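Peer 1: Please build the complex by placing chain B on the supplied structure of chain A, with the hints as guidance.
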Amino acid sequence: MKKLIRIVVNGKLFKVRVDYYRTLLEVLREDLHLTGTKNGCNEGECGACTVLLEGKAVYSCLILALDADGREITTIEGLLKEGKLDPLQQSFVEYGAIQCGFCTPGMILSAKALLEENPSPSEGEIKTALAGNLCRCTGYKKIVAAVLAASQRS
Amino acid sequence: MKNFKYFEPRTIEEACHLLSRYKDKAKILAGGTDLLVQMKREAVDLRYLVNIKKIDNLNCILSQDNLLRIGALVTHKELIDSTVVEKDFSILKEACLAVGTVQIRNLGTLIGNICNASPSADTVPTFIALGAKLKIVSTRRERTVLVEDFFAAPFQTILEPDEMVTEVEIPYPTLNKCFVWGGCYSWLPKITTTDETLIGVAIFLEIALERGRLEQVRIALGSVAPTVMRARESEEFLVGNKIDAKVFQEGGQIAANEIAPRSRAEYRRHLAGVLVEKSLNLAAERALRSGQFEETN
Chain A
1 MKKLIRIVVN GKLFKVRVDY YRTLLEVLRE DLHLTGTKNG CNEGECGACT
51 VLLEGKAVYS CLILALDADG REITTIEGLL KEGKLDPLQQ SFVEYGAIQC
101 GFCTPGMILS AKALLEENPS PSEGEIKTAL AGNLCRCTGY KKIVAAVLAA
151 SQRS
Chain B
1001 MKNFKYFEPR TIEEACHLLS RYKDKAKILA GGTDLLVQMK REAVDLRYLV
1051 NIKKIDNLNC ILSQDNLLRI GALVTHKELI DSTVVEKDFS ILKEACLAVG
1101 TVQIRNLGTL IGNICNASPS ADTVPTFIAL GAKLKIVSTR RERTVLVEDF
1151 FAAPFQTILE PDEMVTEVEI PYPTLNKCFV WGGCYSWLPK ITTTDETLIG
1201 VAIFLEIALE RGRLEQVRIA LGSVAPTVMR ARESEEFLVG NKIDAKVFQE
1251 GGQIAANEIA PRSRAEYRRH LAGVLVEKSL NLAAERALRS GQFEETN
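If you read the protein sequences in the order shown, they are chains A and B.
Our numbering puts the first residue of the first sequence at 1, with every later residue one more than the last.
Our numbering puts the first residue of the second sequence at 1001, with every later residue one more than the last.
By construction, these hints were calculated from the structure, which means they are not laboratory data.
You may find that some hints are simply not true.
Stated by the list, open to error - With a straight-line cut-off of 20 Å between C-alpha atoms, the simulated SDA-like cross-links for lysine to any residue are:
{"hint": "1", "chain 1": "B", "residue 1": "1093", "chain 2": "B", "residue 2": "1060"}
{"hint": "2", "chain 1": "A", "residue 1": "2", "chain 2": "A", "residue 2": "31"}
{"hint": "3", "chain 1": "B", "residue 1": "1027", "chain 2": "B", "residue 2": "1118"}
{"hint": "4", "chain 1": "B", "residue 1": "1077", "chain 2": "A", "residue 2": "131"}
{"hint": "5", "chain 1": "A", "residue 1": "56", "chain 2": "A", "residue 2": "21"}
{"hint": "6", "chain 1": "A", "residue 1": "127", "chain 2": "B", "residue 2": "1002"}
{"hint": "7", "chain 1": "A", "residue 1": "2", "chain 2": "B", "residue 2": "1002"}
{"hint": "8", "chain 1": "B", "residue 1": "1005", "chain 2": "A", "residue 2": "21"}
{"hint": "9", "chain 1": "B", "residue 1": "1053", "chain 2": "A", "residue 2": "71"}
{"hint": "10", "chain 1": "A", "residue 1": "127", "chain 2": "B", "residue 2": "1193"}
{"hint": "11", "chain 1": "B", "residue 1": "1054", "chain 2": "A", "residue 2": "31"}
{"hint": "12", "chain 1": "A", "residue 1": "3", "chain 2": "B", "residue 2": "1053"}
{"hint": "13", "chain 1": "B", "residue 1": "1040", "chain 2": "A", "residue 2": "39"}
{"hint": "14", "chain 1": "B", "residue 1": "1002", "chain 2": "A", "residue 2": "4"}
{"hint": "15", "chain 1": "B", "residue 1": "1093", "chain 2": "B", "residue 2": "1078"}
{"hint": "16", "chain 1": "B", "residue 1": "1278", "chain 2": "B", "residue 2": "1094"}
{"hint": "17", "chain 1": "A", "residue 1": "2", "chain 2": "B", "residue 2": "1008"}
{"hint": "18", "chain 1": "B", "residue 1": "1002", "chain 2": "A", "residue 2": "20"}
{"hint": "19", "chain 1": "A", "residue 1": "56", "chain 2": "A", "residue 2": "39"}
{"hint": "20", "chain 1": "A", "residue 1": "3", "chain 2": "B", "residue 2": "1029"}
{"hint": "21", "chain 1": "B", "residue 1": "1093", "chain 2": "B", "residue 2": "1059"}
{"hint": "22", "chain 1": "A", "residue 1": "127", "chain 2": "B", "residue 2": "1195"}
{"hint": "23", "chain 1": "B", "residue 1": "1005", "chain 2": "A", "residue 2": "20"}
{"hint": "24", "chain 1": "B", "residue 1": "1054", "chain 2": "A", "residue 2": "54"}
{"hint": "25", "chain 1": "A", "residue 1": "2", "chain 2": "A", "residue 2": "13"}
{"hint": "26", "chain 1": "A", "residue 1": "3", "chain 2": "B", "residue 2": "1008"}
{"hint": "27", "chain 1": "B", "residue 1": "1054", "chain 2": "B", "residue 2": "1137"}
{"hint": "28", "chain 1": "B", "residue 1": "1040", "chain 2": "A", "residue 2": "20"}
{"hint": "29", "chain 1": "A", "residue 1": "127", "chain 2": "B", "residue 2": "1194"}
{"hint": "30", "chain 1": "A", "residue 1": "2", "chain 2": "A", "residue 2": "14"}
{"hint": "31", "chain 1": "B", "residue 1": "1040", "chain 2": "B", "residue 2": "1116"}
{"hint": "32", "chain 1": "B", "residue 1": "1002", "chain 2": "A", "residue 2": "21"}
{"hint": "33", "chain 1": "B", "residue 1": "1077", "chain 2": "A", "residue 2": "121"}
In this text the structure is predicted, and so the values were computed from the model without any measurement.
With the rest of the complex left out, here is chain A (with noise of 0.2 Å):
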């Protein structure tokens, strides 16, 4: 069974018609092409698949396509600005907080959405932010670095 679902995916609108069965990861990968988002786990364990919905980390990979209906998405592709990196990924560049880059997407977008809510943050509260973010290469010290730098130049 399918439905056609109207997703709002960094400021344009997409119209999809997508099974039922299939998860907002999927669709954003392989029907609107954003690769940007990667899949880890597929459980909502690693964080690799973290978006903004409305503003807020989720876990894509536990979102239903067709339950996204309707709804604000930002993927990492949405930050790039006008051919610009978004302060926080220029702070991951300088601070060496970026390895394989495979668990940074979602390591930026879950930073920004805490930069969002809270622009001075303390260390404790980015780890917290973080925690649902795994990075198998860093150690995390670099990328707390990175953003606790992009939250202090802002």
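Peer 2: Frame of chain A, contents of chain B only:
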């Protein structure tokens, strides 16, 4: 996971009719943070998916008739951000912050979490310590059940296949100059802080100020038995006793002997004693501190 029919009822009545028609072949979708995982693991026989998110008035947090009422669609994040909860029942906020990760708290509902009935669920001990009740509806009847009586076994509730929970109600403790109350939720994880809870302790206690004695005590323990349990022997020992570090230590030891964990029993027993003692001290401290505010007004 593949072939199911999908419904978006607009009212509770519509949802109840669907449940009464399809019974245990129907599953309710609220936050979906548990259901989607089960669907992917094919651990659920899903034929009819009932998305309740289009139903009005299920996402309210209301202080009404001496009750705090939390609707079925309220997410953990919404509760954490609620000024009413912060003011009146901050221990609930404390408990919600222990649930999952930011992403789970943004989507997952409190009641969905309760209905998932994990023995280690983080908000359940606090709801039990506060004497909370669940409002359960169906086309046949409406009933109210104490959260404490809601669980039959791990991941099993007493809900009939045609029933759904619409809200959780927490009674306000009596507020007057003679009594103060305090509570807390403390917990330890299995490995990491976003991991499963190894042991959770929720305390609610009421102190009779003049006599300096415990008027009421409720201790609810999570992840130490098939369902979240009350440490009733410890409560019985504590009620009427003075506010005293030694009393709390003994209360902790009695509670530790009441638990019935499935695994890591010795470690859990040790932790139960320590955590209950610490939590009783903290709850009493908070109760007495809240009384000070009243006196200076």
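Peer 1: Are the hints correct? Go through all of them and say.
Peer 2: Going down the list of hints, with the structure as the test:
For the proposed pair residue 1093(B) and residue 1060(B), the alpha carbon gap of about 16 Å is at most 20 Å, so the pair holds. Between the alpha carbons of residue 2(A) and residue 31(A) the distance comes to roughly 14 Å, so the proposed pair stays at or under 20 Å and holds. For the hint linking residue 1027(B) to residue 1118(B), the alpha-carbon distance of about 17 Å falls within 20 Å, and the restraint holds. Restraint check for residue 1077(B) and residue 131(A): the C-alpha separation of about 15 Å stays at or below 20 Å, so the hint holds.
Restraint check for residue 56(A) and residue 21(A): the C-alpha separation of about 23 Å exceeds 20 Å, so the hint is violated. With a C-alpha separation of about 37 Å, the suggested pairing of residue 127(A) with residue 1002(B) is violated against the 20 Å cut-off. A distance of roughly 11 Å separates the Cα atoms of residue 2(A) and residue 1002(B); the hinted pair therefore holds under the 20 Å criterion. Between the alpha carbons of residue 1005(B) and residue 21(A) the distance comes to roughly 10 Å, so the proposed pair stays at or under 20 Å and holds.
Distance restraint check for residue 1053(B) and residue 71(A): the Cα-Cα separation of roughly 13 Å lies within the 20 Å cut-off, and the hinted pair is therefore satisfied. As the CA atoms of residue 127(A) and residue 1193(B) are separated by approximately 11 Å, the hinted pair is consistent with the 20 Å bound. For the proposed pair residue 1054(B) and residue 31(A), the alpha carbon gap of about 26 Å is over 20 Å, so the pair is violated. Of the supplied pair hints, the one linking residue 3(A) and residue 1053(B) holds, its CA atoms being roughly 17 Å apart against a limit of 20 Å.
Restraint check for residue 1040(B) and residue 39(A): the C-alpha separation of about 14 Å stays at or below 20 Å, so the hint holds. Distance check on the hinted pair: residue 1002(B) and residue 4(A) sit about 17 Å apart at the alpha-carbon level, within 20 Å; holds. Of the pairs offered as hints, the one joining residue 1093(B) and residue 1078(B) holds, with about 10 Å between alpha carbons and a cut-off of 20 Å not exceeded. Proposed proximity of residue 1278(B) and residue 1094(B) is supported: the alpha carbons are some 16 Å apart, at most 20 Å.
Of the pairs offered as hints, the one joining residue 2(A) and residue 1008(B) holds, with about 15 Å between alpha carbons and a cut-off of 20 Å not exceeded. Of the pairs offered as hints, the one joining residue 1002(B) and residue 20(A) holds, with about 8 Å between alpha carbons and a cut-off of 20 Å not exceeded. Restraint check: the Cα-Cα separation between residue 56(A) and residue 39(A) comes to about 19 Å, which is no more than 20 Å; the hinted pair holds. Note on residue 3(A) and residue 1029(B): the hinted pairing holds, with a Cα-Cα distance of about 17 Å set against a maximum of 20 Å.
Between the alpha carbons of residue 1093(B) and residue 1059(B) the distance comes to roughly 16 Å, so the proposed pair stays at or under 20 Å and holds. Between the alpha carbons of residue 127(A) and residue 1195(B) the distance comes to roughly 15 Å, so the proposed pair stays at or under 20 Å and holds. About 8 Å separates the Cα atoms of residue 1005(B) and residue 20(A), which keeps this hinted pair within 20 Å; it holds. Note on residue 1054(B) and residue 54(A): the hinted pairing holds, with a Cα-Cα distance of about 17 Å set against a maximum of 20 Å.
The straight-line distance between the Cα atoms of residue 2(A) and residue 13(A) is roughly 19 Å, inside the 20 Å bound, and the hint therefore holds. Proposed proximity of residue 3(A) and residue 1008(B) is supported: the alpha carbons are some 13 Å apart, at most 20 Å. With a CA separation close to 17 Å, the supplied pair residue 1054(B) and residue 1137(B) stays within the 20 Å bound. A C-alpha spacing of about 13 Å is found between residue 1040(B) and residue 20(A), which places the hinted pair at or below 20 Å, so the restraint holds.
The straight-line distance between the Cα atoms of residue 127(A) and residue 1194(B) is roughly 11 Å, inside the 20 Å bound, and the hint therefore holds. Under the criterion of a C-alpha separation no larger than 20 Å, the hint pairing residue 2(A) with residue 14(A) is consistent with the structure, at around 16 Å. Between the alpha carbons of residue 1040(B) and residue 1116(B) the distance comes to roughly 16 Å, so the proposed pair stays at or under 20 Å and holds. A hinted pair counts as satisfied when its Cα atoms are at most 20 Å apart, and residue 1002(B) with residue 21(A) qualifies at roughly 6 Å.
In summary, the hint linking residue 1077(B) to residue 121(A) is supported, as the alpha carbons are separated by about 18 Å, within the 20 Å threshold.
Hint check: violations occur at hints 5, 6 and 11; the rest are consistent with the structure.
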